[in-house]
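Visitor: Sequence:
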Amino acid sequence: MTTTLAIANQKGGVAKTTTVASVGAALAELGHSVLLVDLDAQACLTFSLGIDPEDLELSVHHVLTKDVDPAEVIIATDDGVDLMPATIELARAEAELLTRTGREHVVKTMIETLAEDGAAYDWVLLDCPPSLGVMTVAALTAADGVLIPLQCETLSHRGVGQLLDTVHDVRRFTNRKLEVWGVLPTLYDGRTNHARTVLETISETYDLEVIEPPIPKTIKFAEAPAAGRSILATSRSSKGARAYREATEALVARSKRPKTRKKKAGKAS
Numbered sequence: 001m002t003t004t005l006a007i008a009n010q011k012g013g014v015a016k017t018t019t020v021a022s023v024g025a026a027l028a029e030l031g032h033s034v035l036l037v038d039l040d041a042q043a044c045l046t047f048s049l050g051i052d053p054e055d056l057e058l059s060v061h062h063v064l065t066k067d068v069d070p071a072e073v074i075i076a077t078d079d080g081v082d083l084m085p086a087t088i089e090l091a092r093a094e095a096e097l098l099t100r101t102g103r104e105h106v107v108k109t110m111i112e113t114l115a116e117d118g119a120a121y122d123w124v125l126l127d128c129p130p131s132l133g134v135m136t137v138a139a140l141t142a143a144d145g146v147l148i149p150l151q152c153e154t155l156s157h158r159g160v161g162q163l164l165d166t167v168h169d170v171r172r173f174t175n176r177k178l179e180v181w182g183v184l185p186t187l188y189d190g191r192t193n194h195a196r197t198v199l200e201t202i203s204e205t206y207d208l209e210v211i212e213p214p215i216p217k218t219i220k221f222a223e224a225p226a227a228g229r230s231i232l233a234t235s236r237s238s239k240g241a242r243a244y245r246e247a248t249e250a251l252v253a254r255s256k257r258p259k260t261r262k263k264k265a266g267k268a269s
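If you read the sequence shown in UniProt numbering, its first letter stands for residue 1, the second for the next number, and so on.
Any given hint could turn out to be false.
What the hints assert, rightly or not - When the alpha-carbon atoms are kept at most 30 Å apart in a straight line, the in silico DSSO-like pairs for lysine-lysine are as follows:
{"#": "1", "residue 1": "Lys177", "residue 2": "Lys239"}
{"#": "2", "residue 1": "Lys239", "residue 2": "Lys256"}
{"#": "3", "residue 1": "Lys177", "residue 2": "Lys66"}
{"#": "4", "residue 1": "Lys11", "residue 2": "Lys239"}
{"#": "5", "residue 1": "Lys217", "residue 2": "Lys239"}
{"#": "6", "residue 1": "Lys220", "residue 2": "Lys239"}
{"#": "7", "residue 1": "Lys11", "residue 2": "Lys177"}
{"#": "8", "residue 1": "Lys220", "residue 2": "Lys108"}
{"#": "9", "residue 1": "Lys259", "residue 2": "Lys217"}
{"#": "10", "residue 1": "Lys256", "residue 2": "Lys66"}
{"#": "11", "residue 1": "Lys108", "residue 2": "Lys177"}
{"#": "12", "residue 1": "Lys11", "residue 2": "Lys259"}
{"#": "13", "residue 1": "Lys108", "residue 2": "Lys239"}
{"#": "14", "residue 1": "Lys11", "residue 2": "Lys220"}
Since the hints were derived computationally from the structure, they do not count as laboratory data.
Assemble the whole structure, with the sequences as input and the hints as a guide.
Guide: Structure follows, in structure tokens:
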């Protein structure tokens, strides 16, 4: 069985793409087969894994809007994960999909097609764009769970309630099985009182589980994309790499829980 996890937050700069790349690499280290799907037209995930989007003839855009076989687009990476890359062409996909019947199901159909063709993965991680548009809704419709990276700063909390409202709507109309797996605190600086206070209040603010440990703020994350690898490859023993390994183990454990009865997603108070 494939576990599909959407990593979503419409606010940019919360280490969403870093989380997708790092969790994917950590899952591969644990022996899982992993597919990362770049659904952001900025193609940051694609670039950070050593692939220049401008060199690509095919991308996820062609799968979602041109009915190209998804297996033709997948690229193997040095981190042991497969990637379905993005290019700037994906910026047109929102407009192209708006008039298409069943647009919310295009990502789900893509994953199902891979499985039917014998290319099922243990995990599919969806890197959502920083918006609540068609692409994010399609990712949530395809997902078993959604993980919300959240920077440990007060301003980063703005908009999470909107994301949870979108999750609630997706549950009602397109994906009744969708579960919020929790919040992953990122860019955490334990030396500041502010960061510690924000971390302590996340759980009660949103009534959501907090995935631990918090991911620390470190320059090692900025250095990794330049090498075209995740931090687990460029700085294996760093505190950031260790934190993502521990968080990934928590996510694997979370994936094995029995399904819970659905209730409305928590909202910010």
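Visitor: The structure should be examined with respect to each hint, and the outcome stated for every one.
Guide: A quick look at each hint next to the structure:
The suggested pairing of Lys177 with Lys239 is violated, with an alpha-carbon distance near 34 Å, which exceeds 30 Å. A hinted pair counts as satisfied when its Cα atoms are at most 30 Å apart, and Lys239 with Lys256 qualifies at roughly 26 Å. For the suggested pair Lys177 and Lys66, the alpha carbons sit about 28 Å apart, so the restraint of at most 30 Å is met. Restraint check for Lys11 and Lys239: satisfied, since their Cα atoms lie roughly 25 Å apart, inside the 30 Å limit.
Straight-line distance between C-alpha atoms of Lys217 and Lys239 comes to about 9 Å, which keeps the hinted pair within the 30 Å bound. A threshold of 30 Å between alpha carbons decides the hint, and for Lys220 with Lys239 the separation of about 9 Å falls inside it, so the pair holds. With a C-alpha separation of about 25 Å, the suggested pairing of Lys11 with Lys177 holds against the 30 Å cut-off. Only pairs whose Cα atoms come within 30 Å are accepted, and Lys220 paired with Lys108 is rejected, the gap being roughly 34 Å.
Only pairs whose Cα atoms come within 30 Å are accepted, and Lys259 paired with Lys217 is rejected, the gap being roughly 33 Å. At most 30 Å may separate the alpha-carbon atoms for a hinted pair to count; Lys256 and Lys66 exceed this at roughly 35 Å. Our distance criterion of 30 Å between C-alpha atoms is met by Lys108 and Lys177, whose separation comes to about 13 Å. Distance hint between Lys11 and Lys259 is fulfilled; the C-alpha atoms sit about 28 Å from each other, no more than 30 Å.
Simply put, Lys108 and Lys239 have alpha-carbon atoms about 35 Å apart, too far for the 30 Å limit, and the pair is violated. Our distance criterion of 30 Å between C-alpha atoms is met by Lys11 and Lys220, whose separation comes to about 22 Å.
Against the hints set out earlier in the document, violations occur for numbers 1, 8, 9, 10, 13.
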